[in-house]
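Spelled out, the chains give:
2 protein chains.
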Amino acid sequence: MQLLITGGAGFVGARLARTLLQRGQLGGQAITRIVLADMAPPPADLLADGRVEARVGPLLQHCEGLRDEAMDGVFHLASAVSGECEADFDLGLRSNLDSTRALLDALRHRVNGGAAPAKLVFSSSVAVYGPDAAVPMPAIVTDTTLPTPQTSYGIQKHICEHLVADYTRKGYIDGRSARLMTVTVRPGRPNGAASSFFSGIIREPLAGVEAICPVDAGVRHPVSSPQRTVDGLIAVYEASREAYGGRTALNLPALNISVAEMLAALEAVAGPAVRARVRFQRDERIAGIVANWPTGARADRAAALGLLPEDNFADIVRQYIADCRAAHTGPGTPDALKGLA
Amino acid sequence: MQLLITGGAGFVGARLARTLLQRGQLGGQAITRIVLADMAPPPADLLADGRVEARVGPLLQHCEGLRDEAMDGVFHLASAVSGECEADFDLGLRSNLDSTRALLDALRHRVNGGAAPAKLVFSSSVAVYGPDAAVPMPAIVTDTTLPTPQTSYGIQKHICEHLVADYTRKGYIDGRSARLMTVTVRPGRPNGAASSFFSGIIREPLAGVEAICPVDAGVRHPVSSPQRTVDGLIAVYEASREAYGGRTALNLPALNISVAEMLAALEAVAGPAVRARVRFQRDERIAGIVANWPTGARADRAAALGLLPEDNFADIVRQYIADCRAAHTGPGTPDALKGLA
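Chains as they are written, first to last, in UniProt numbering: chain A, 1 to 341; chain B, 1 to 341.
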């Protein structure tokens, strides 16, 4: 089978690709080819796999070509992130709305030409939830909470959920939308997402670097580890339509946790000296965005698919440290673990 | 003040224009100009008013020009209807999504150029509601019911609600979305809307013509008269942002009624011979669409703005007959009232 992963060079996309290549099959079908479409080329280990093909550039440019290309399945992860979309309204419309529409239309074009509809998993986001004056947001959002997004990113994700639902209803795709919780701990550098600090306050101290937390320690948030997130996307892909249930987006599992609890877990795993590298310095812009996010999420439909959140955040910190060690093949101390040296 | 009504030659749009011209003001400001944009030219009585200007053709074509034109307020009613959108997927995307986006971008362009944001009322629809396997629809939908639309028309209306909310949040417009109930009794000929029969089963018998009802008599549905609908749009326009509440769409008032009750009201007003002209002949396509619509609606936010549904359907039938008589200026019996002759 042939798969397309948009955003396939990104952190979640590359991890998804690695997991799929290691499994070798998806839904019982052998994976013969994975196309990774992204703005940047994928990591070298992925490019070294004979089944992997990279397609570099804006997704919008690739969609025309996809009309002539057989794809059995698509994981649509490509997206401009929340901070970028707030700063550049047109970028969000183009990268998140227009690109998704072009992708869906390419898949529809194939069905109109006689092909079987491709399976598609769309990565939506917990950012679809937000408080509106007319609709108070519950403390814990569920699969059936009314989304009233308070960012362009959230609006665009929610709109795409509805496009995926309608293209599915019409038989142009077999689409499913899964709302990702905030993925933490992300490696690498901070990105433009307002949620970036949820990784930074763990990653930077472990690397021996000071981290700034722009919100209060009491802020609560639903998070998920990278691997549970990838496992969730695969499970949603493999679920039957009956098991997925309807066409409405579902929440992936969340560990609902406060910043203080995250830092306590960091201290429990890595010691007080590492924990002490986090400094609180409020950033009104980020704190304002985060204040409009839910403080926790429930994922009943995901649980029915067998998907559960992590038991505790210490396990997530340990997963991150293990990932860093595994990625480190040369001699010496991996940068990301300098704080533990 | 200068106003734009998209869909301004349509039944609701023309009635809105007449009502506004008669009032002479909106929100306390004198109306100096109303641009009616539509596929067809507006009725002659509107064109005869010196304040009215017609713009004929697809809305998408007019939006570029709107970037250079000062508009204080917009009523955005233009839309391809539900039956059309099911039959022609591209038409729905173009007429409902792309046109709305182009309109919003034209208004944004003006704000980016230094103009004050235009006020905009978007006419959404009760068709945003529908049953999804994962989200059962309540018998009576409310302002906070999760929309899971089951038609392309409903999906597109709901997507536009979210665009209006985000352009408003960003300060590009002062936008409000009002969900219209099924407007009945519409004059003229049946249109491509699956709900068209809700007018036909009253209008045709009154004109001495047989009408076919494609659904069972027990089917319940939220309806509203043309005038209450127009009054609702105006009230939503005139409401302060605080009174409107948040940025989420609100329901306009609904009279929740069954087909049997509608026909009983017809008989009470016009007699059994008129009622007898309605024949039941099930149309599976229409019955299938209607089965996915809510059987009633509540409109708490509209009620807080002072908007209430009609007391009974007989009043709606009488309003329609009075409208026909008022429109009839020549000698003889107006066609629409032949059944009462």
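Just so you know, these hints were derived from the structure itself, not from any lab.
It is possible that part of the hints are untrue.
It does not matter which identical chain is meant; a pair holds if it fits inside one copy or across any two.
In silico EDC-like pairs for lysine to aspartate or glutamate, Cα to Cα no more than 20 Å straight-line [said to hold, decoys possible]: (1) Lys170 x Asp72; (2) Lys170 x Asp90; (3) Lys170 x Asp216; (4) Lys170 x Asp88; (5) Lys338 x Asp174; (6) Lys170 x Asp132; (7) Lys170 x Asp105; (8) Lys338 x Glu242; (9) Lys170 x Asp300; (10) Lys170 x Glu242; (11) Lys170 x Glu284; (12) Lys170 x Glu84; (13) Lys338 x Asp72; (14) Lys338 x Glu64; (15) Lys338 x Glu267; (16) Lys338 x Glu86; (17) Lys170 x Glu86; (18) Lys338 x Glu69.
The hints, checked one at a time:
1. Lys170 x Asp72: For Lys170 and Asp72, only the intra-copy Cα distance (18 Å) is at most 20 Å; the inter-copy one is 39 Å.
2. Lys170 x Asp90: between (29 Å within a copy, 12 Å between copies)
3. Lys170 x Asp216: neither (46 Å within a copy, 26 Å between copies)
4. Lys170 x Asp88: So Lys170 and Asp88 pass the 20 Å test across copies only (11 Å; inside, 33 Å).
5. Lys338 x Asp174: For Lys338 and Asp174, neither the intra-copy (46 Å) nor the inter-copy (52 Å) Cα distance is at most 20 Å.
6. Lys170 x Asp132: For Lys170 and Asp132, the Cα distance is within 20 Å only across copies (15 Å; inside one copy 32 Å).
7. Lys170 x Asp105: This pair counts as within: shortest intra-copy Cα distance 12 Å, inter-copy 29 Å.
8. Lys338 x Glu242: neither (48 Å within a copy, 53 Å between copies)
9. Lys170 x Asp300: neither (27 Å within a copy, 34 Å between copies)
10. Lys170 x Glu242: Answer is within: at 17 Å inside a copy they meet the 20 Å cutoff, but 39 Å across does not.
11. Lys170 x Glu284: Close across copies (18 Å), not inside one copy (44 Å); limit 20 Å.
12. Lys170 x Glu84: Between copies, since 14 Å is at most 20 Å while 33 Å is not.
13. Lys338 x Asp72: neither (43 Å within a copy, 60 Å between copies)
14. Lys338 x Glu64: Cα proximity of Lys338 and Glu64: none, with 46 Å in one copy and 57 Å across.
15. Lys338 x Glu267: Answer is within: at 15 Å inside a copy they meet the 20 Å cutoff, but 85 Å across does not.
16. Lys338 x Glu86: neither (34 Å within a copy, 59 Å between copies)
17. Lys170 x Glu86: Answer is between: at 9 Å across copies they meet the 20 Å cutoff, but 32 Å inside does not.
18. Lys338 x Glu69: The answer is neither: 46 Å in one copy and 60 Å across copies each exceed 20 Å.
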